[in-house]
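**Q** Here are the chains, one letter per residue:
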Amino acid sequence: MSEPHDETATPVDPLRALEGAAHYGAAVCCMNLKRHDEGIRHLEGVGRASPSLALYAFSLQIGVLWNLGRYGTVWKLMPDLSRVVEEARKGGVDEEHPDFARSYGALLRLLGDRPKAIELYKKAIQNAPEDTWLRAELIATHVEERDATSATTAPETPDLRYSREPEETRASHFGMARDEFARALALSQRVLQAKRNPKHLLALAGLYIHIGRYENAAPLLREVIELGDMQQATSTEIEYSRAFLGLVNARTGHYDRAVREFSAALGHEPDDLNYQIGCAEAYLRMGRSAEAERDYRRILEAAPCNVEARIGLAEALTAQGDNGQPGRYELAERQFAQAIELAVSTASPEPRRREGSTALNRRQLATLYYEQGYSLTRIYEAETTRGPLRGGRASDYLSAARKAFADAIKTDPTHPQAAAAMDRVRQELHERRSVAGTQTSWALVGICMVLLVLVHLFFFVPWFRESLEAEYRKSLTPTTYGMLTFGLIALLIAAVSLPQLLKLKVAGIALEKTAVEKATGPASLDLTRESGMPGLVSKPLSIPLPTDPIAPTPSGGTAPAHELAEPFEKPPPAGDAAAGHTKRGADVAAAQPDHPSPS
Amino acid sequence: MGGADDITGGEVAKVPSDPVAARTAHAALARGRAALATAVDLADGKEKEEALLEALDAYREARAAEPHNVAADMGMGRALLALERWDQARLNYERARAKDEANPDAHWGVASALLLMERPGEAVPALTRVTELVPTFEFAWLQLTEVLVNAGELADAVLAFERAVGANPEAADLHLQYGDALERILNQPVPALEQYNSAIATARHPDQDNVSAGARLRAGGIHLQLEQWGEALSHFEAIIGRHV
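Those protein sequences? They're chains A and B, same order as listed.
Just so we're aligned: 585 in numbering that gives the first Met the number 0 is position 586 of the first sequence, and the numbers increase by one with no gaps anywhere.
Just so we're aligned: 114 in numbering that gives the first Met the number 0 is position 115 of the second sequence, and the numbers increase by one with no gaps anywhere.
No lab work stands behind these hints: they were computed from the structure.
Idealized CB from N, CA, C, for every residue including glycine.
You may find that some hints are simply not true.
[To be verified] If you want the ones that stay clear, here's a sample from chain B, every Cβ over 12 Å from chain A, calculated:
1. Glu49
2. Asp56
3. Glu93
4. Pro124
5. Asp155
6. Val157
7. Arg162
8. Pro168
9. Glu193
[Said to hold, decoys possible] A few chain B residues facing chain A, derived, Cβ under 8 Å:
10. Asp208
11. Asn209
12. Ala212
13. Gly213
14. Leu216
15. Gly219
16. Gly220
17. Leu223
18. Glu226
19. Ala231
20. Leu232
21. Phe235
22. Glu236
23. Ile238
24. Ile239
Could you build the full structure based on these sequences and the hints that come with them?
**A** Structure (structure tokens):
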């Protein structure tokens, strides 16, 4: 009848418990009515009225703030997690309830404590082996851990959030995810054999997406939409199906369809940042950088610290630069710089110091540095076309590009393009030096020639000689003439040979192009443009990242839209609170020797 | 506190008895009632147990004096129930029921003992009889429907609920319970919502705040499922407003 409770739990007034549940429900309503601040106030009231609901309220609060793009506030709240969990324990929360594991696990994952989340999920699955959603969370966490163990933060950050781990550890996490997937798949298929329920269809589709089997997910999602047409699926379920379909299409390269599906999902939930990012990314991949830029800018207005959108905007601007608008590179570079700053701060082990939405792994961060270097190089090239007078500023860009490539290599020494780019920039710097040497030498030649002419004029033309004062005329001796003439000729020879001397030091580079050609020729560095941020903006199809910006996570966690729309049955204590007043039966009679009588 | 002796009290004794025995029985019944009343006021412990045993002895004496006296059997059943000697209590209630089949308390006593012995299936006939005899006795309906629901006899449970709310349209608890069954067991949220609304409308007394708030919480939950945010919010705010 009643659920097991912690014996040390503080007894709760049933009416207060009901009030807590009502605050929670009111918060959900407010969120859906877009009255977010009012909703957050309700959530703050939940824990006070009913401590057993504290964790659920905290989780929802974090989710809402996250969805609003208030990442800084989220990070400032996160250290309270342990206090909230303790409060919930004292309030008698059922720690083995799948919902507890779901909420707590999602928050632990946000903090980066995936091993603890994995343990939590495993324990909860033992108690609820039929819970496919919980298994999906476990799979996602294993995949996250697989990716994170190869990841770390910026080289500037001494306290790395992730340590490098051996390849076997990564493989084992993926193996565990695969095994869990097999179990969840069997379970899910068995459930669906009994009834084609939208919730279970979505759960199975989510499983396929987590493991990268998009072709299996798509028909299930379309089935949910069809059920929706027959009024057998809720608006939220249709919304998720659309968003999942958007994701599936984006991952399989059908960007036009992805835009359509994400737009449909946005029709249900126009403020959802994940859907907006998904749509913008699809535009970007389609080559429609103007639309992508527009969408990314709109996202950044709401959530300026969204790392994915910042990177997306930078990429859209870079694409515009590549399409003949070199002025866009400078804007792109600024966006890359901001994205790097945000990503590095978000990788801090101290949550309060984090600012952005995503901490990138080594490879992603290195690619970001590379992209920044790429933009800087393009700016340099554009500058060099504006004439020799702008040369000094161009050098600054080239030096900055060199630093960015160096950071890329430092962050990920195995980065495939950074090392080559670094070499090319180095060559370019040498060549610039060589050009500068040539220009200097020609100036010296000119000066020498002028001086030689003057020497001859003063020695051999009477008018010039007479113009000098008597004392100076005395010094026009054959010895002086010889010294001046031969000295200037020697200087002339040295100035003429200077460029050759400089070229000797960088002989390998000068073979390809002349320094002048290179300095004036756009795109001379010929850097390879990254086709996209691996695992961040365009992800490998086989391994969807859990930090995927466009994936609506099936279980909420950092994706609050799900929790918002989740039927109210979700927070178990709400039901318990009400059940506490409606429960009848032998236990009631047993408690009362003077139980009521019919008369 | 409706005591079993409120109903019978020996008044239903059908066999004419010896006046001396009747006086003895009457005195013993009075002692038994007093001891039971004392026990009810006491906290669990030795004193309470002693009071109950005293009541038991008194009722036993009454029955010895007047074996046909239903009140003595009822009193014994009640004392034994409080002493958690449920099977003996059941036997005494059954004895009373055999003497007076139309006595709802006797049926109720049998049902209560069986429920406490965790034999709910056997309690159904007794509970059904109670509801037939006293259709306005909400608690019996609640017990009966719960037993039926737990036994998976959903059609019977729905029928029982319908009769229950029909006989007790003002019983907020019954509406709430019916709604709960409709929502959670029969997965019929819309009819459940009607019952919750009835529960809210009928729970007017301050003592029924729990019922009202519970019904509002459930109704709000259904509105959430139906994505009717405004309606849901009004229910939740009503709970918060009432208890702030």
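**Q** Each hint needs a verdict: does it hold in this structure or not?
**A** Here's how the hints hold up against the structure:
1. Glu49: holds, 14 Å
2. Asp56: holds, 17 Å
3. Glu93: The assertion about Glu93 of chain B holds, with a minimum of 16 Å to chain A.
4. Pro124: Holds, because the least Cβ-Cβ distance between Pro124 of chain B and chain A comes to about 15 Å, which exceeds 12 Å.
5. Asp155: Fine: 17 Å to the nearest Cβ keeps Asp155 of chain B off the interface.
6. Val157: holds, 17 Å
7. Arg162: The claim holds: Arg162 of chain B sits with its nearest Cβ about 15 Å from chain A, beyond 12 Å.
8. Pro168: holds, 18 Å
9. Glu193: Since the minimum Cβ distance to chain A is about 16 Å, Glu193 of chain B lies beyond 12 Å and the statement holds.
10. Asp208: holds, 7 Å
11. Asn209: holds, 4 Å
12. Ala212: holds, 4 Å
13. Gly213: This hint holds: Gly213 of chain B lies near chain A, its Cβ roughly 4 Å from the closest one there, short of 8 Å.
14. Leu216: Holds: closest Cβ of chain A sits about 5 Å from Leu216 of chain B, inside 8 Å.
15. Gly219: holds, 5 Å
16. Gly220: holds, 4 Å
17. Leu223: Status holds, d = 4 Å.
18. Glu226: holds, 6 Å
19. Ala231: Constraint on Ala231 of chain B satisfied, holds at 5 Å.
20. Leu232: holds, 4 Å
21. Phe235: holds, 4 Å
22. Glu236: Holds: closest Cβ of chain A sits about 6 Å from Glu236 of chain B, inside 8 Å.
23. Ile238: OK, holds: Ile238 of chain B within 8 Å of chain A, min 4 Å.
24. Ile239: Ile239 of chain B check passes; min Cβ-Cβ to chain A is 5 Å, inside 8 Å.
Violated hints for the displayed structure: none, as all numbered hints are satisfied.
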